[in-house]
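There are 2 protein chains.
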Amino acid sequence: MSGIASTPRPPYVAVIFTNLQTEELDGYADAAARMEALAAEQPGYLGFEGSRTPGGLGIAVSYWTDADAARRWKDVAEHAEAQRLGRERWYASYRVRIATVEREYGTDTP
Amino acid sequence: MSGIASTPRPPYVAVIFTNLQTEELDGYADAAARMEALAAEQPGYLGFEGSRTPGGLGIAVSYWTDADAARRWKDVAEHAEAQRLGRERWYASYRVRIATVEREYGTDTP
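Sequence lines, in order, name chains D and G.
Residues in the first sequence are numbered from 1 upward in steps of one, following my numbering.
Residues in the second sequence are numbered from 111 upward in steps of one, following my numbering.
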């Protein structure tokens with residue numbers, strides 16, 4: 001299960017992926033776990049946070065050193081295939097926002 | 111329940127609030143609902159998205175026209191009091207990241 005990501009001093013890039021699922025979730029859980037592991041192997045990966053309200057909204061935030069690293073991850077072949085399955089099957093609607101984190105604060109990451 | 115926010119063309123500001131809760135959640139649900147409603151009344155408010163994995167990570171993203179609007183919301187007295195209660199009671203750990211959204215895409219917001 002996902003916790004709070006330990007990220008470096010800003011600036012860095014956050015990709016905020018917000019989605020509502022369909023009820024056709026065959027293969028989803030395996031693909032999501034695989035994508036989380038595969039993302040962590042990519043150059044420029046900084047961390048990941050994910051949560052989902054049961055039957056409701058899911059928010060996944062991945063953190064990257066820069067926008068190029070985030071874009072390369074979008075284009076990784078196995079990820080592109082998962083995105084296609086997501087659009088066709090798993091997600092009723094979604095939004096992806098690419099943002100530059102400029103400031104952060106909080107408790108120390110546990 | 112929160113859905114996907116309908117936000118304008120970038121740039122705008124996202125405040126990503128990631129947290130793990132304690133088990134001392136007296137008053138939390140009412141305060142969260144009140145803060146979501148109060149935020150929506152503030153100048154510069156654009157939208158809100160929230161999700162929580164039961165027993166796990168919560169992610170709340172609020173969207174603002176600019177960093178000043180986000181900062182003013184942080185300083186609204188009733189919100190500042192809720193933040194204090196959050197730090198003291200409801201959140202075992204949390205992270206707040208202030209980011210500028212530069213690009214977005216996805217399905218049309220339902």
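Fair warning: there could be bad hints in the mix.
[Unchecked claim] Partial chain G-side listing against chain D, Cβ under 7 Å, derived: (1) I114; (2) D140; (3) L156; (4) R207; (5) A209.
Calculated directly from the structure, the hints in this document are not laboratory data.
Ideal placement from N, C-alpha and C gives every residue a C-beta, glycine not left out.
Hints, verified against the model:
1. At about 5 Å, the closest approach between the beta carbon of I114 of chain G and any beta carbon in chain D falls short of 7 Å, and the interface hint on this residue holds.
2. Restraint check, D140 of chain G versus chain D: the minimum CB separation of about 18 Å is more than 7 Å; hint violated.
3. With a cut of 7 Å, the hint placing L156 of chain G at the interface with chain D is violated, because the nearest CB-to-CB distance is about 11 Å.
4. Given the 7 Å rule on beta carbons, the hint for R207 of chain G holds: about 4 Å separates it from the nearest Cβ of chain D.
5. Proximity of A209 of chain G to chain D holds as hinted, the smallest CB-CB distance being about 4 Å (cut-off 7 Å).
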